[in-house]
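Colleague: Here are the chains, one letter per residue:
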Amino acid sequence: MGDWRRWRETVAERTQLREWRRDGALDAAAAIAAREALGPAPDTALWRWFLDRFALWLGIALCAAGAICFIAANWEHLGKFTRLYGMQALVIAAVAAAARLGLARLGIQAALWLAMVLLGGLLALIGQTYQTGADTWELFTLWAALALPWAFAGRHAAIWLLWIAVANIALGLWADTMGGPWLDDENSLMLIGLFDFALFLGWRFAAGRWPEFGGDGGPRLLVAAALFCLSLAAIDAAIGQHSPRFGYALCAWLVSVAALIAFELRRSRVPDRAVLAMTVISMIGVSTVWLFQLMSRYVFERHDEPAALWLLLAVAVLGEATAGAWWLRRMDRREADA
Amino acid sequence: MNLPASPAAESLWSRLRAAGAVSGDVPSHRDGLPWYLAGLIGVSAWIAAALLFGFFAALFDELWKTPGIAVTAGALCIAAALGLLRTVPGREFKREFIGEFIEQSAIALSLVGQLLVGVGFNEWFGNTAGWAGSAAIALALYGFGAQTMHRFLCGAIFTVAVVAICNELDTVGYGISPVALPVLAWLAFAAWWRTDHEDLRTLPLSPLAWALSLVALLMAFFGDLDLWPTAQDATSWRIWGPQIAVALLLPLTVWRLAGVRQLLPMLCAVAFALIWLRAPGVNLGVMLALTAFASHRPALLATGLLGTGVYLIRYYYQLDVPLLEKSQWLLLGGVALLAIRFALTRIALRADAGDRP
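Line order of the protein sequences matches chains A and B. At position 334 of the first sequence the residue is numbered 398 (my numbering), and the sequence of numbers has no breaks. At position 318 of the second sequence the residue is numbered 506 (my numbering), and the sequence of numbers has no breaks.
Everything labelled a hint here was simulated from the structure, so no lab data went into it. Positions of the beta carbon are idealized from the N, C-alpha and C atoms, including for glycine. Do not rely on the hints blindly, as some may be mistaken.
To be verified - Simulated restraints on C-beta separations: (1) 199(A) with 409(B): 20 to 28 Å; (2) 199(B) with 209(A): 16 to 24 Å; (3) 533(B) with 310(A): 54 to 62 Å; (4) 265(A) with 535(B): 39 to 47 Å; (5) 195(B) with 101(A): 34 to 42 Å; (6) 240(A) with 314(B): 40 to 48 Å; (7) 314(B) with 269(A): 55 to 63 Å.
As the list claims (entries may be wrong) - Below, a list of computed lysine to any residue pairs in the SDA-like style, where the Cα atoms sit at most 20 Å apart: (8) 144(A) with 76(A); (9) 144(A) with 511(B); (10) 253(B) with 328(B); (11) 144(A) with 191(A); (12) 253(B) with 371(A); (13) 144(A) with 197(A); (14) 144(A) with 316(B); (15) 253(B) with 315(B); (16) 253(B) with 316(B).
Using the sequences and the hints, build the whole thing.
Modeller: See below:
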C-alpha cells in the first residue's frame with residue numbers, strides 16, 4: 065500500500081504542475097525546471113512494484129480465461145474423467161497452496177481468486193458432462209454458495225467482487241427462469257439493482273471494520289451496477305407499455321436514489337463525488353424519458369412532432385447537469401479548504 | 189473560479205522554490221475537471237445534443253432532404269457555441285450557476301451543430317467526403333473551443349468520423365472495418381506520446397488521446413473480425429494485417445518508456461505481443477495501462493485494466509479464433525507472465541540480500 069500511496073503522491077504533484085502551467089502560473093521554462101527538480105517519476109522501485117502487481121493479476125486473469133475457454137472447447141482427446149479429475153486437482157492445488165502458505169500474501173489471494181473461477185469451470189464441466197446445463201441459475205447459486213467461505217477467507221476486494229458478479233448472474237438467471245406475470249424484465253432488473261444497492265450499503269458498513277473493503281473502487285462499481293439496473297427498469301416502466309406505469313420499478317428507483325444521496329451525505333463530511341455524479345446521470349436519464357412521455361401525452365398531445373417539447377427537454381437536461389456540476393464543485397472546494 | 193492554494197500545493201511550491209525552479213508566492217488555481225465531473229458533463233451534453241437535434245428535425249421538415257438548411261443551422265449553432273465558449277472563461281458572473289449553464293449549453297450547441305453540418309455534408313458530398321468534412325470541422329473546433337470537455341467531445345466526433353471513413357474506404361465485407369481498430373490504436377499511441385511534451389498553454393492533446401483510446405477499446409470489444417473474412421481469405425492480410433499492426437504497439441510502448449537498449453523488457457514485449465497477436469484488445473489494454481502508469485494518469489490506468497478485463501470476457505465470444513486455440517494462447521500468456529514475475533521477485537530478493545552488510 066505504501067508504493068501505491070507514493071505513486072498517488074507523484075500523480076498529485078504532476079497534476080499540480082500541469083494545472084499551474086495551464087493557468088499560466090509557470091512559463092514553459094519554469095515548468096521544465098520544476099519537472100527536473102522533482103526528478104524522474106515513476107522511479108525504478110515504483111516500476112518494479114507496478115509490474116509485479118500487473119504481471120500477477122493479468123497472469124491470473126489470463127489463466128482463468130484460458131481455463132474457461134478450454135472447458136468450453138470440449139476437447140475430444142481428453143476423457144470424461146480426466147477432465148473432471150484434472151479440474152478438481154487444479155482447484156484443490158490452488159486452495160491447498162493458499163491454506164499452506166497463509167492468506168496474507170498477495171500471490172496467495174490471487175491463487176484463491178483463480179480457484180474461485182476454476183470452481184465455476186468445474187461446475188460447468190459437470191453440467192456439460194451430465195447434461196444438466198452449464199449456465200443454469202442453480203449452478204451459479206451453488207457456485208456462489210461454495211465460494212462464499214473463500215471470499216471470507218481471502219480478505220481481498222477482488223475476490224469479493226468476483227463473488228458479487230457470480231451472485232448477480234445467479235439472481236438474473238433465476239429471475240429469467242421464474243418469469244411469470246410479476247417477474248417480467250422490468251422487475252427482474254429492479255431486483256438485481258436493489259440487490260447491488262444492498263451490497264453497496266453492506267460494503268460501506270464493512271469498510272469501517274475490515275481493511276479489504278477500504279478504497280472506493282468496489283463501492284463505485286456496485287453503485288454503477290445498481291443505478292444501471294434500476295434506471296433501466298424505471299425507463300422501461302415509462303416506455304415499455306402503452307402508457308407510463310407508476311409501479312414498483314419507478315418507486316424502487318426513487319427510493320434508492322434518495323437513500324443513496326442521503327447515505328453518502330451523512331456518511332462523511334466529504335462524500336464520494338463519483339457516486340453522486342453517477343446518481344445525477346441516472347436522474348438526468350430517467351427524468352428525461354419520463355418527462356418526454358408525460359408531456360407528449362398530457363401537454364403536447366395534439367401535436368404530431370412537437371419541436372417545443374424537444375427544446376424544453378434539452379433545456380431541462382442542461383439545467384439538471386448544471387445544478388449537478390455546481391453541487392459537486394462546491395463539495396470539491398469544501399474538501400480543498402479542509 | 190480562482191481558489192486559494194491547498195496545503196499540498198503550498199508544500200510543493202516551497203520545495204520547488206527551495207530547488208530554485210520557481211520564485212514568488214504560491215499561485216491560486218482555477219477549478220479543474222475531475223473525471224466524474226467530466227463524465228457527468230459529457231453524458232449530459234450528448235443527451236442535450238440529441239434532444240436539440242430532435243428540435244431541429246421537428247422544426248424543419250426538409251432537414252434530411254435539404255442540406256443547405258442543415259448546414260446553415262449547424263453553422264449558426266457552432267458559431268454561437270464558439271462565441272459562448274470564448275466569452276465565459278473571461279467573465280465573472282453574478283451567480284456561478286449561470287456561467288456553468290452557459291458553458292454546458294455551448295458544448296451541447298457545438299455538438300448539435302457538428303451533427304447538423306455532418307448530415308448536410310453527407311447529403312451534399314456523399315458519405316466519404318462528408319465524413320472527412322466532419323472530421324476536419326471537429327479538429328478545427330478542437331483547436332478553437334478552448335474547454336477540456338468540449339475538446340474531448342470534438343475528439344470523439346473526429347474519432348467516429350475516422351471509423352466511418354475506414355468503413356467507407358474498406359468496401360469488402362460488412363460491419364465495422366477491421367482496419368479501424370489499428371488506425372485508432374496507432375493514433376491514440378501517437379497522441380499519448382505527444383502529450384508527454386504537450387504544453388497546456390498552447391494545444392493540449394490529452395482530450396483527443398482520451399477520445400481515441402476509448403473508441404479504440406470499443407472497437408476492440410465490438411469489432412467482429414469474424415464477420416469479415418470469407419473461408420478463402422481467412423489467412424489473408426485482412427485478418428493478420430490489423431492484428432500485427434495493433435501488436436506492434438506493445439514493443440513500441442516499451443521502447444518509448446524503457447529505451448531501446450533495455451534488451452530484456454523489449455524481448456518480453458515482443459514475446460507478449462506475439463502471444464496476444466490474436467487478442468488485440470489485450471495488447472491495446474496493456475499498452476494503455478503502461479502509458480497511464482508512466483504518465484501519472486490513474487483514470488487511464490483504470491480504463492486500461494478494466495478494458496482488458498472486459499475484452500477477455502468478450503474474447504470468449506469472438507468466433508474467428510477457435511476456443512481451443514484461444515485457451516492455449518491465454519494460458520501461455522498467463523503462465524509466462526506469472527513465471528516472469530516469479531523470476532523477477534527472486535532476482536529482487538537476491539539483490540536485496542546482497543545489499544545488506
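Colleague: Against this structure, judge whether each hint is valid.
Modeller: Hint-by-hint comparison with the structure:
1. 199(A) with 409(B): 20 to 28 Å: Given about 21 Å between the Cβ atoms, the range holds.
2. 199(B) with 209(A): 16 to 24 Å: This hint is violated: roughly 51 Å between Cβ atoms.
3. 533(B) with 310(A): 54 to 62 Å: Since the Cβ atoms of residue 533(B) and residue 310(A) sit about 59 Å apart, the hinted range of 54 to 62 Å holds.
4. 265(A) with 535(B): 39 to 47 Å: Holds: the Cβ-Cβ distance is about 45 Å, inside 39 to 47 Å.
5. 195(B) with 101(A): 34 to 42 Å: violated, 20 Å
6. 240(A) with 314(B): 40 to 48 Å: holds, 45 Å
7. 314(B) with 269(A): 55 to 63 Å: holds, 60 Å
8. 144(A) with 76(A): violated, 55 Å
9. 144(A) with 511(B): holds, 18 Å
10. 253(B) with 328(B): Violated, at roughly 26 Å.
11. 144(A) with 191(A): Holds - the C-alpha atoms of residue 191(A) and residue 144(A) are around 12 Å apart, at most 20 Å.
12. 253(B) with 371(A): Within the cut-off at roughly 18 Å; holds.
13. 144(A) with 197(A): This hinted pair holds, its Cα atoms lying about 16 Å apart.
14. 144(A) with 316(B): The given pair, whose Cα atoms are some 55 Å apart, is violated under the 20 Å limit.
15. 253(B) with 315(B): The given pair, whose Cα atoms are some 15 Å apart, holds under the 20 Å limit.
16. 253(B) with 316(B): Since the Cα atoms of residue 253(B) and residue 316(B) sit roughly 18 Å apart, the hinted pair holds (cutoff 20 Å).
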